[in-house]
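J.: Listed here are the chains, written in short residue letters.
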Amino acid sequence: MATKTPAAKTESVLSLRQKLARYSTVRNWLLLLVFWEIIGQLRLVADGALPAPSAILARMWVDWADYPPHIWATLEGAGAGFLIGNAVAIAAGVLFATFPLTQRLARGVNVALFALPPIAVSPILVITFSDMTPRIILAAIGCYFVTMSATVTGIQQTDRRIVDVVHAYGGRQWKTLIYAQMRSAIPAILSGLRVAAPNAVLGSILAEFGGGGRFGLGVYLIGSLGRGEPDRLWGIGLSATVIAGLAYLLFSLIATRLTGTSKAVTVPASPPAPKAEKSMVLTLALGTVSFALPFLLWWLMLAIMGTPAMIAKTPVGLFDYLFMMPSSLVSLGKLATALGQTLPMTMVGMAVGLSFAFALALCSVLYTAIIRGFMPVALVTQTMPLVALTPLLVLILGRGPSLILWITVSVTFFPAFVTMAQGLSMVSRAAIEVPKAYGAGPFRQLWLVSIPASLPYLFAATRLAVPRALLGVMIAEWLATGKGLGNLLNQSRGYLDYGMIWSVSVVSVLISVLFYQIVVAIEQRVLSKRGMAPAQ
Amino acid sequence: MRLALDRRRFLSLMAAGAALPTMGRFASAASPFAFQASWINDAEFTGYFVAMDKGYYAEEGLDLSYASGGPDVIPESTIIAGKADLTLTTPDTTIKAIAEQGAPFKIIGTQYQKNPIGIVSLASNPIKSPEDLIGKTLAVPPVNVISVEAMLKISGVDRSKINIVPYAYDPTPLIKGEIDASLDFTTNVPFTIKQAGADATSFLLYDFGFTIFNDTVVVTEETLKSKRKELVSFLRASRKGWEENLKDTTVYPPKFADSWFKGTGRSIENELFFNEAQKSLIEAEGGIFSMSEEAIEANIKALAEVGIAAKREYFDTSLLEEI
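As given, the protein sequences belong to chains Y and W, one line each in that order.
Under the UniProt record's numbering, the first sequence is numbered contiguously, ending at residue 536.
Under the UniProt record's numbering, the second sequence is numbered contiguously, ending at residue 323.
Bound-form chain W, shown alone:
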């Protein structure tokens, strides 16, 4: 027994010894890089999970640490506080903070070319356009009220004619008909509604004039100066991860069932639906994360409608060019 133990310890020591030089080399080469996601682990972040598992970040010399988000996590806070180097945000929130509070943020790319947020309703009580909302009850997460107000204003619908109530992340009231519609990721909730035996109708805020990105890649101006090389590396590796994931949207979610998606409370079928549904919203002519001049212009115009004075200089496309 004692001998066996000793031998085992000896072997593990040998193994550790053998690994030491390589580890040392990696440690000196890889720069630590902290990434704060905007929500709990779901298909929204599959591209990054692929890039981590396939070692794309390590190849780029990044030692990436990944933090999941949640309802009280304000992604922008984490980069101001220096807890993360880079984060994903809702652009209306970020831009409002730059314009009105002088927050030191720069948008260096975007995961979604088209914001996946939309109005979801039951096919039996369909809401197909902003006008249909008049006289109805719409559940909106308090953080997103700003987006809905923008869409309504752009569509010329009087906000006071719609009963907006908080959306507490649970679609049960919608399925049971207590509310007529809810604001959520259209890549997500229609699946849940189908599971509950009903059919969903949805439209994107994007398609009704609120032409903004979502999950914009945001850093502080200071990080942009001091870690430019790492940021380009991050974008390159992440783009590779997303390309790999979107090649066939059915491949990766099941592979993460026991790692990234383990015990999230969601189902792999749900992630598969999500992954497929987000494909067309992510892919871009200029490559994933790219921000074309027209798209930036569309963002600025949409935000101007609700009195948020976005400027071209809030967006920095130069890192994307270096990929």
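Chain Y on its own, in the form it takes in the complex:
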């Protein structure tokens, strides 16, 4: 090989650069680990409340015999939830894609399932169901939206020509679905499953933490909390991270095997938009049914379960509790006070979280290596159970607004960042070349082309951030500040105030949905003006 063709040359240069990039990423990770180790060893953070990685590993070694039954139980809950949640999701996805009307009817249910903060529904699941069921349901809810949206998108994007071939050979709707649409939807579904898998693990752990039962990492966590040993808590938290990460990897591998390519994935944040109906009456009717359906399902579920009215509030029961009882005024007052504390923090947290995600996404275009080094930290913040981190955060940040913001930003920024970064990376090269040719620097290129062009992704990221911001604020209130909805939810248990538990739960879902709808409305305005379509 004395002479190389130009193509081969660029190829080898590219691979060298890739190798270098990979090397520098690994180097950054190692640097980070060493840094963490030093901080931990010298007890620099909060007087040693942040343990060194070596201490965490040593602790895991000592505790190792405890882990297997807990890990198995978590996998059992998460696994069952994953299977059920995804089966329902795929079936629903197929239904929605085949009969678009059903999708419009189910929109309310879909958005509610997407937006509900798990911490708010966990207590009512534990009240209504028993044993493994709350774990399975929470895990399944974590899977449903992602996979359902992926299925619908996958089916809708089927190549028209393949469908025509099936039609030409006399295949009907059913045949088309099996031979053409399901097949072409498989890569999309697999990418959905990949995101769903870690969600299932985290959902199960959250329900384990509160729901009683003998085994599960969440149960282990609650037992270990009282020991005041951060290294144990970090060990459990990092195991959760590893399991969630492995679940993600497993489905990435399956996807690569089956489809031969690795596709970029975003977390879907909107039910794929059905075509707008011309008739106003029909739109209104569909909207009403879609709004009523979640309430109907809620009522139906309780009716089937036969849970006594004292603890399980139906929509009617809740209305009575909030408006018709002598104690209603007091209840509403409590709820309003809590909302007054929670809502402003949620909005601020969302704004800060999104700004942070946006700044990071811009950095990811400008300084790639730093971002790669930062990714592991970001992943840990996503999968570490927050209860394990709270004592540390409280010691560092106190119990004021800064703590709420920190927790909120940490649960909000990551999915938003991934979505925004993807948007920025998908901007057409040719468009960027124009300002470049006129001598614009990287910042100006971003400002003139990349940011406007990735607007749909900015909105998608905002939609993702909405429910998470509320979740973050409620967690901080529950664990640290003792104010707002998060605290009210917990305190109501001490008063056996079931009406209030349900109220907080329902109100937090409604707020999430409302915020979500506001974002969607703004999005449609802005994007349609610019002739853009929303990103999934």
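Since the hints were derived computationally from the structure, they do not count as laboratory data.
A few of these clues could be false.
What the hints assert, rightly or not - Just so you have them, the derived chain W footprint on chain Y, three or more residues with Cβ under 8 Å: (1) 40-52; (2) 123-136; (3) 492-505.
Yeah, the Cβ is synthetic: ideal placement off N, Cα and C, and Gly gets one too.
Chain Y is fixed; fit chain W onto it per the hints.
T.: Coordinates of chain W only, in the frame set by chain Y:
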């Protein structure tokens, strides 16, 4: 290989056949009985574990199923929903629900004569009475705020002068001095603090006027009617289990290291400390679980201070008499 397998299967079939008649007899005699505990498995429930392992419930004709609790498990919910026949509760919560919501509960006994809940602080920054709390930060699990407010009111301490924050079950902030005191089981946390190399000071809410029971044995009125015999059996077997456990508090926790306490995340030393510390709070003149008239009166009085109108009829001592 095939022969060995067959022989093994044959033997196990024989064994199953031999066991069948006895199993049948037990199955028809033992009535299923579901018990919901109020927290994860720790020394708080040792007496029941002893009674189960020693077969005391089976002797009484009960087929007991035991469910552990957790932060989101509201014990009272499980008996209303029919998931459990009997549960252990915090009496202020239960009684408030009876008085204000007409909840159909009856208290038929109590595990703790004196509520083990107290204010725990570091010996280096000691809080020895409710007055000492003024100007301090106290961490309280949100569910227990009601108890703390009661104790403060009874002691004449202004609640607004104390900074109450949520307690998230982890004593690290207390050990590190971020908070001055926390509300927890005094049978438990002082051990953890000692492990961390510090010394703890604590006082019971009970000793400052909040004279209530804890882990009150609660059933619904319906269960009380329909399963009276089983309830008496449960109390009798459980009392036997607790008596056996408290004879020597060091015996049972280590024995449960690989069963009841396996993988709870706590340590056996911790359970030993707990078991010893709870002894004086459980033992009663009238026998374990008993509720004397004076004690019931003290409960009603303490709760009245915080506006919870408890009545004598919420307590049913007749089953204890049948033991």
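J.: None of the hints should be skipped; say for each whether it holds.
T.: These are the hints, each one checked on the structure:
no.: 1; hint: 40-52; result: holds (count 3)
no.: 2; hint: 123-136; result: holds (count 5)
no.: 3; hint: 492-505; result: holds (count 5)
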